[in-house]
Amino acid sequence: MANEKEVLKKDNQLGSIRIADDVVSIIAGLAATEVEGIAGMSGGIAGGIAEMLGRKNFAKGVKVEVGEKEAAVDLYIIVKYGVRIPDVALAAQENVKQAIETMTGLSVVEVNIHVQGVSFPEEEKVEEVRVR
Amino acid sequence: MGIINRFLMFVISLVLAGAAIVVLVLSLGLLGEASWLAMARDLLARQETPVVAAVVAVLCLVMVLRSFLAAGTGSRPPEIVLRTSADGEVSVAVAAIRSLVLETVRAIRGISDAEVSIAVPHGKQAKEATAPLSVSLRLVVNDSANVPQVSELAVKKLQEKFAQVLSVDDIPVQVAIGGITNAPVKRERRVV
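Protein chains in written order, with the working numbering: chain A, 1 to 132; chain B, 133 to 324.
Worth double-checking, as some hints may not be accurate.
To be verified - Dumping the calculated DSS-like pairs for lysine-lysine here, alpha-carbon to alpha-carbon at most 25 Å:
| # | chain 1 | residue 1 | chain 2 | residue 2 |
| --- | --- | --- | --- | --- |
| 1 | B | K288 | A | K80 |
| 2 | B | K293 | A | K80 |
| 3 | A | K63 | A | K80 |
| 4 | A | K80 | B | K289 |
In case anyone wonders, no lab produced these hints; they're calculated from the structure.
Turn these sequences into a full structure, and let the hints guide you.
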């Protein structure tokens, strides 16, 4: 029953608490997408096909290394056109670190941000009438 | 392993599994010799057989060649590191910078199209370089455009964009004019 990808967090008289790597990935992914300036996560071709088939993947674009007490996160993001990347990256690092530390108690040693693309705003399909 | 390599591995594994099952069935004598010889003769006589065999052979050769590729040539695109701090590293993919440059340049009046080349210094060059990257543009301009003005504007706009978006100043931008066109630029209708 032992799962290599689970982390033993606490073993006390009441039982043990195990946190799966995927849980940490999902927390990181959700925290990252909350940041203003991030258009989405970059998940590659496999992630894109999965989403097309209707399967939501909250851990898309996230890689985590989880130890007993610490975690390291790599985020692959797509930013909105025009935003200042260092500011967005700093906000993402802080938000992800706080979310993981609050929800899991793990200490986040680093959050590496990899900007994989820039998202441009789609043109309005309904043209507004400006003059008559 | 990248997605393409994994797909090739999947196809080849299926083919090998099928061949192994066939050999297993034949070796266990589950199929009479006369019947499997007739099936083999029929299969070899079909037109599709050499095509399928050639495709499988090519796929296997591709996988053999890729297995000799050095480790570390992962599927992730090349990146430029913007900042390293105690919180972690911030890097930007070259492809993202290319799309940013294209979008900025194509918005300039007088430029019809552009090709972008991004150079990232490595090794000794990286130590001597003053900027983390350099940009080369090959522009196609409209025949009514003032080429020197458009070129200067492109360089200025790009350096402003890099300072605003990447917080990197003085990125070298080289401009070459690749062509002049008199094709009308498609613009949205402004009035009804």
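Verification of the hints:
1. B:K288 to A:K80: Distance ~22 Å between B:K288 and A:K80 Cα, so the pair holds.
2. B:K293 to A:K80: 13 Å, holds
3. A:K63 to A:K80: 21 Å, holds
4. A:K80 to B:K289: It holds: about 18 Å lies between the C-alpha atoms, which stays within 25 Å.
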